[in-house]
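> Each chain is listed here by its residues.
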Amino acid sequence: KNEVEQSPQNLTAQEGEFITINCSYSVGISALHWLQQHPGGGIVSLFMLSSGKKKHGRLIATINIQEKHSSLHITASHPRDSAVYICAVHPSNTGNQFYFGTGTSLTVIP
Amino acid sequence: DAGVIQSPRHEVTEMGQEVTLRCKPISGHNSLFWYRQTMMRGLELLIYFNNNVPIDDSGMPEDRFSAKMPNASFSTLKIQPSEPRDSAVYFCASSTSAGITGELFFGEGSRLTVL
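Chains A and B, in that order, are what the protein sequence lines are. Numbered according to the working numbering, the first sequence terminates at residue 110, and the numbering increases by one at each position without gaps. Numbered according to the working numbering, the second sequence terminates at residue 1115, and the numbering increases by one at each position without gaps.
Hints may be right or wrong, so weigh each one.
[Unchecked claim] Dumping the calculated DSBU-like pairs for lysine-lysine here, alpha-carbon to alpha-carbon at most 35 Å:
id	chain 1	residue 1	chain 2	residue 2
1	B	K1078	B	K1068
2	B	K1024	A	K53
3	B	K1024	A	K54
4	A	K68	A	K55
5	A	K68	A	K54
6	B	K1068	B	K1024
7	A	K53	A	K68
8	B	K1024	B	K1078
9	B	K1024	A	K55
[Stated by the list, open to error] The calculated label-pair distances, taken between Cβ atoms and stated as ranges, are:
id	chain 1	residue 1	chain 2	residue 2	range
10	A	G16	B	E1018	28 to 36 Å
11	B	Q1017	A	T75	45 to 53 Å
12	B	E1018	A	I60	43 to 51 Å
13	B	E1062	A	E67	34 to 42 Å
Please keep in mind that the hints were generated in silico from the structure rather than gathered at the bench. Virtual Cβ for every residue (Gly too), placed ideally from N, Cα, C.
With the sequences and hints as input, model every part of the structure.
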């Protein structure tokens, strides 16, 4: 059983397209993270959310605590956005554990 | 500012050998995390330190794994003896948060191959 499910697993888009990556989780949480992992392997934290919506440049992250769902949106996608996007949640009743999604592999074609 | 620094970046060793991975967190960060990433299991949290004290090591796979944080600027993850199934990328991350709900800053990772 996977506490965090991401969809789609793989996504190919044309440059300029609007992209949405979804994350659903099955436990109560105190925070949700969106991470970006580039082909070279480095991981960058994009957002940490506990409610509502956050925006950074062309990236927007939303969370609906009642529905246990978060989305990551990329506007005007660019080939440099090609990466694996990982959703991670911090459950609110299990100490300091993290549950990770398996990631969404995004390829943006010029 | 320097980010989280991990060493070595790549390590190839033979089964049974001791492996030591090192991490220097960002100065001023009081939380440090060790993660492991494999194709099969994705990212997994191994252990979490707060103010140099191990808070939760429930993710450490077995007794062959140990982690220490002797001071605020240095942590090690040791595997002894190593096995081929330990082959993975090991990430260290740090955070300013006293809990683990702060933004995470990751190192570049240490890619371990055990033959």
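> Would the hint linking K1068 (chain B) and K1024 (chain B) be met if the CA-CA limit is 35 Å?
Holds - the C-alpha atoms of K1024 (chain B) and K1068 (chain B) are around 12 Å apart, at most 35 Å.
> Please verify whether K1024 (chain B) and K53 (chain A) have alpha carbons no more than 35 Å apart.
32 Å, holds
> Does K55 (chain A) lie within 35 Å of K1024 (chain B) when you go C-alpha to C-alpha?
Holds, at about 30 Å.
> Can the restraint linking K68 (chain A) and K54 (chain A) be considered satisfied, given a maximum Cα separation of 35 Å?
17 Å, holds
> Between the alpha carbons of K1024 (chain B) and K54 (chain A), is the straight-line distance 35 Å or under?
30 Å, holds
> That 28 to 36 Å hint for G16 (chain A) and E1018 (chain B) (C-beta), does it hold up?
51 Å, violated
> Has the given pair, K1078 (chain B) with K1068 (chain B), been kept, meaning a C-alpha gap of at most 35 Å?
8 Å, holds
> Between E1018 (chain B) and I60 (chain A), is the Cβ distance one that fits in 43 to 51 Å?
46 Å, holds
> For a C-alpha distance cap of 35 Å, please report whether K53 (chain A) and K68 (chain A) respect it.
14 Å, holds
> Could you check the hint for me, namely that Q1017 (chain B) and T75 (chain A) are 45 to 53 Å apart, CB to CB?
For Q1017 (chain B) and T75 (chain A) the Cβ distance comes to about 49 Å; the hint holds.
> Tell me if the beta carbons of E1062 (chain B) and E67 (chain A) are separated by a distance inside 34 to 42 Å.
37 Å, holds
> Under the criterion that the straight-line Cα-Cα distance not exceed 35 Å, is the pair K1024 (chain B), K1078 (chain B) satisfied?
15 Å, holds
Going down the numbered hints, you'll see the structure goes against just number 10.
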